[in-house]
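J.: Protein chains in written order, with this note's numbering: chain A, 1311 to 1796; chain L, 3 to 425.
Careful, some of the hints might be misleading.
Looking from chain L toward chain A, a few residues come up when the C-beta cut is under 8 Å (computed) [stated by the list, open to error]: (1) VAL248; (2) VAL285; (3) GLU302; (4) THR312.
The calculated lysine-lysine pairs, modelled on DSSO-like cross-linking and capped at a C-alpha distance of 30 Å, are [to be verified]: (5) LYS1648(A) - LYS251(L); (6) LYS106(L) - LYS200(L); (7) LYS1704(A) - LYS274(L); (8) LYS226(L) - LYS106(L); (9) LYS1327(A) - LYS168(L); (10) LYS1643(A) - LYS322(L); (11) LYS251(L) - LYS1327(A); (12) LYS1327(A) - LYS40(L); (13) LYS106(L) - LYS1431(A); (14) LYS1666(A) - LYS357(L); (15) LYS1666(A) - LYS1327(A); (16) LYS25(L) - LYS1328(A); (17) LYS304(L) - LYS25(L); (18) LYS1643(A) - LYS249(L); (19) LYS168(L) - LYS1328(A); (20) LYS1473(A) - LYS1543(A); (21) LYS251(L) - LYS304(L); (22) LYS1328(A) - LYS251(L); (23) LYS273(L) - LYS1328(A); (24) LYS249(L) - LYS200(L); (25) LYS1666(A) - LYS273(L); (26) LYS1328(A) - LYS322(L); (27) LYS1327(A) - LYS357(L); (28) LYS274(L) - LYS1425(A); (29) LYS408(L) - LYS40(L); (30) LYS246(L) - LYS1704(A); (31) LYS1442(A) - LYS1487(A); (32) LYS73(L) - LYS168(L); (33) LYS246(L) - LYS322(L).
Think of the hints as simulated: they come from the structure by calculation, not from any bench.
Glycine included, every Cβ here is placed at the ideal spot set by N, Cα and C.
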Amino acid sequence: MRSISFYFQVHQPYRIKKYRFFNMGNDHHYSDEYLNRSVMERVAQKSYLPMNQLLLDLIEEHGEKFKVSFSITGLAIEQFQEYTPEVLESFKKLAATGNVEFLAETYAHSLASLKDAEEFKSQVSMHKAKMKELFGVEAVTFRNTELIYSDEIGEMVADMGFKAMLTEGAKHVLGWKSPNYVYKHAYRSDLKLLLKNFRLSDDLAFRFSSQEWPEWPLTTDKYLSWLKQTDAKEEVINLFMDYETFGEHQWAETGIFEFMRVFPSKVIEDGEFNFQTPNEVAAQTQAISELHVPYPISWADEERDLTAWLGNEMQDEAFEKLYAMADRMQECKDPQMKIDWLKLQASDHFYYMCTKWFADGDVHEYFNPYPSPYEAFINYMNVLSDFQIRLNEKTEMASDFMLKEIVMDFSVIQKMTVAKLKSFLAEVDAKDLAIIKNFMNQELNNKVDKYLGKRKQKALGQYQDLKSSSQEVAQKTWQKIQGLIK
Amino acid sequence: MFGWEFPPHITGGLGTASYGLTKGLVKHDVDVIFVVPKAYGDEDQRAVRLVNASDIPVNYKNKEIQEFWNKLTYLEIGSNIMPYIDPEEFMKLHEDGGKTLKEKEHLILGEKYNFSGKYGKNLMEEVARYALVGASIAQQYNFDIIHAHDWLTYSAGIAAQQVSGKPLVVHMHATEYDRSGEGRVNSEVFHLEQIGMKKADLVIPVSNLTRNTVIEKYGISAEKVVTVHNAIEPVEQPDLKVVKAVKEKVVTFLGRLTFQKGPEYFVEAAKKILEKDDHVRFVMAGNGDMMNQLIRRVAELKIADRFHFTGFLKGEDVDKMFMLSDVFVMPSVSEPFGLVPLEAMRSNVPVVISKQSGVAEVLQHALKVDFWDVDGMADAIYGLLHYRSLAQNFIREGKEEVENLKWEHAAEKIKELYTKVLS
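One chain only, chain L, in its complex shape:
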């Protein structure tokens, strides 16, 4: 398996999903070698053998590798695209000097390479090197099938496929259309996604929503695209003592403050609710390129004493935030899956989610609205805040529902797909 991140070093849902899947597969006796650009040493390796790509030497004199490198023309390693970056990080990264294309090539083709494993300025350079590592690994290791998670690893998957002749499965956790939105699609990323899926023997999108995108926008033939919904790892409820110090009910948004997540609809819905009932507080937890614009909008709507920004939360703070919340809202404009509502439900928080999210396909006990329907969203939030029986019901049933969304089941389905591909 080729991944880009692995817990605890994750920035989003990709790492969490990869980890959950490997744990599920192990229960069905599938051995997984998991390759990451950079391993830190503190990862949970009970279910996988973690291979650190930074440790894999690439022998450029090897003929197969050379051949593959020459075919790798579709990778524009000179570009500095940073599809995941927030403006603050961008400023930081922008400050260090750029390398010339020649320098980059030299680096990539060197014996050793130190991956950052982040989503930074040298992303394309790292993607290219990762592909060479993929080819080297394919020569060194024994395996039956190749499974690559998201476009960053597709080139590595293709390389391994070409070197080993083994079938390739690509997993679509998110598409460029979700991340950037129609009309703002980065053509390089789109291209890499498309090539990966075209060359793959099987494409696994995380929802039917994503499946449709894959078929319609990328022109992938429908019969090799099979949806497997994500699941969630059961966890021990954290042993936290949180005293709710504000009297008002708390409605929470948690996610990156980017176009994809639709944070502006949450702000507008908050305004509508506060007009009716000001005994509510809204919390927006997260960071992203829309942050400043959202702050200004909140000030303009004159609700800043009821609408609070926490910045990026992680670890215990996330658990704390859920424990303080009465309703969780995910108004995503385009969400391939969306793990956070499941985490909220697991913490006894009823959720409102957009119909434009993959998770809406599997959840019964969630209120679903169109992301643009601010009135509907306000209605749903208001209902959960004021009708106790409704909220109670959602909390109880929702918790049970989430507990049944096990990676074990998803992995079983994937194992069946593997078998089909191999036969």
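Bound conformation, chain A alone:
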């Protein structure tokens, strides 16, 4: 039997408040709480809550025969917890039915996959852990932010152990091929790819209520007939869309809820299609061929590329400056810094800076808190500068702390009697000694050299290249040696 696979994206960023130069260094609270709360409450009322209830009803009615999947970003989850816990509860109810698959993605709905493999992987595991904690299931299918995909990203995803990934059925990648089959990664045959049927998906997501559209009004019968018109050999129709389609992009008045209430029974009655989750489709269906995607694709705009988020000077500058901090953030343990770091990575901030001509302007303006991309950029950079200041302070404090520790403790060696020093030098590991010698002053170095045994001297020579060891390594080594001294 052929399948229909629904996947709904749930995401809300933490929008940033007006943050001025005067705030920098003083004010480390970036979110516009009032705005975030009011958007979340509105969307919950208009979309998430009624649609969750509707899906729950459908699952109750049809049992095993109706299934859907969700991807819910970590930032959306955190805002549910903060502002609308009842939404989270209703998702948990959906999870408890067993008919709903929860996909894995980046915790922050970030673009990390394009820039920093470490950050990408750590956000994915963070998100997986969150899904497990909340819904008690292991996420096994992956979807990247905005369905962004390339061979390289697919490889990273396969490395993380995922068996399937969702992306866009972009025309410029597929050519004459149909999105209604399962494909696989260009060279990693262990990763299957499910492609969005953008025409049929966008009929619901974008065109449903458009009275300029010749097909308006769209009935369930008409829509089912379009599904049935696809080649009978084609195995799966992937209907991927933002969850806000229901009740927010398409208001309740357009009849979108009624459409969704009736559509599943029509499909089940008709019998040609069943509903399956992405994981089921990937597990049960053979991949028809490899898909080569050397340059990243996405589900956005006409171009289905990255130009909504990256490409103009402002977006590139903000993106570079953000990820220039990634290495140091891996080391940072401060919990508030880590949360802010995630919030700042949300792709939405870059979307607000987009200056593409406005064919896709309608969608871009949606939920956009800024009057212009320039203001979006200024505000974001002000916040990022403050974040930099905080990170610099943390890093400096950490290294100051380390230096002081080392300098202070060397006095123990300095004060040793010659006999004690000799026995210490005989005991200590040559490699460890080579490392900490870099941090000793000249006087102490000379003293150590003077009492160093011949054999040890030779052994020390082997480790000459360790001269550039970092302070952190030295710190650890020193701790080890301190144990020995005691």
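Starting from the known structure of chain A, fit chain L onto it as the hints suggest.
T.: Showing chain L alone in chain A's frame:
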């Protein structure tokens, strides 16, 4: 005196200078009646009698007024030029419907007229009406001399001159060449400036730089053009507690982001400095038609985490900004005078100014560079940031220098000029 704005309702240096001058004149026993298109009621009237042009009825049946109106053909009231507007405001103004020429004329000639006193879409219409008000006032009030500030008020000045037969002094705070730049001069505005100066008995430019423009570009005879430099009103230092929260030194630009102010040179100089030393932050405070282009350039140069835009600042925020600044830069391409560096110096901030500014003629304790000389500008900023003794010296001496630039002195000079014109 005919002015277009008066504190606290000001958009630039014109209002501040007009106010300072009147306060200075009062110290020399000169009584001033100051006419503004629109008075709000909260203006400081200790030094002047403020007359609200919106309150002055114009009697079109009056013969003199009619005659004057007929002579006013050089005013193209139908045009919608907006020489001062930034793009954002332009969009707003552009949205409301336009009036026909007939409608405009009807409005202007009506008994009553409500001025906006802004620099908006109906600017030429307001200028024309203001001229009629000038004629009416000349009939109603007693005075010895007429003094008009900038081209917007020149027609009113001429009207008053014709009605009363009293001498006319026009004050050039800025010329169309400064505002728009060579080659982009608005011919209507140029024309109004020229007529005003030609008819005037005395022209007072705010600097020798402006004096040269007046003589060379407008063909005004040199003997009736006498420079009087602007000054600055002493103020109480604001009682603000500002904690500097960023560790880096701060270099500030404050002004409209337009061609005239040369903001792009500041951006390029910032890049040069950051290449050598990234412990510096640059702040660009202001708004204007070049804003977006500047933001893109800053992003392109990859200095956006060290270069910050604040938008338009006013009131306390300006004081705060100065208190956070280590160096102030005014790279103007063409600045008739330039008050802001004086305000910076008064707040203990050393300044770098372009040689193409009038204020450069009166300041000793400021580093002066050509606006196009980005290397020189970067050098000067770097020097003030890194050589403490230099900065300290500039702060100390500069403050004293500014405190001596009193409107009282400028007003004394102007009073002498009045006397000469009257004799």
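J.: For each hint, tell me whether it holds in the structure or not.
T.: Structure-based check of all given hints:
no., hint, in the structure
1, VAL248, "5 Å, holds"
2, VAL285, "6 Å, holds"
3, GLU302, "4 Å, holds"
4, THR312, "5 Å, holds"
5, LYS1648(A) - LYS251(L), "28 Å, holds"
6, LYS106(L) - LYS200(L), "28 Å, holds"
7, LYS1704(A) - LYS274(L), "29 Å, holds"
8, LYS226(L) - LYS106(L), "36 Å, violated"
9, LYS1327(A) - LYS168(L), "58 Å, violated"
10, LYS1643(A) - LYS322(L), "35 Å, violated"
11, LYS251(L) - LYS1327(A), "26 Å, holds"
12, LYS1327(A) - LYS40(L), "36 Å, violated"
13, LYS106(L) - LYS1431(A), "68 Å, violated"
14, LYS1666(A) - LYS357(L), "40 Å, violated"
15, LYS1666(A) - LYS1327(A), "24 Å, holds"
16, LYS25(L) - LYS1328(A), "39 Å, violated"
17, LYS304(L) - LYS25(L), "47 Å, violated"
18, LYS1643(A) - LYS249(L), "23 Å, holds"
19, LYS168(L) - LYS1328(A), "54 Å, violated"
20, LYS1473(A) - LYS1543(A), "23 Å, holds"
21, LYS251(L) - LYS304(L), "19 Å, holds"
22, LYS1328(A) - LYS251(L), "24 Å, holds"
23, LYS273(L) - LYS1328(A), "26 Å, holds"
24, LYS249(L) - LYS200(L), "55 Å, violated"
25, LYS1666(A) - LYS273(L), "27 Å, holds"
26, LYS1328(A) - LYS322(L), "18 Å, holds"
27, LYS1327(A) - LYS357(L), "40 Å, violated"
28, LYS274(L) - LYS1425(A), "28 Å, holds"
29, LYS408(L) - LYS40(L), "28 Å, holds"
30, LYS246(L) - LYS1704(A), "19 Å, holds"
31, LYS1442(A) - LYS1487(A), "36 Å, violated"
32, LYS73(L) - LYS168(L), "18 Å, holds"
33, LYS246(L) - LYS322(L), "10 Å, holds"
In this structure, the hints that do not hold are numbers 8, 9, 10, 12, 13, 14, 16, 17, 19, 24, 27 and 31, in rising order.
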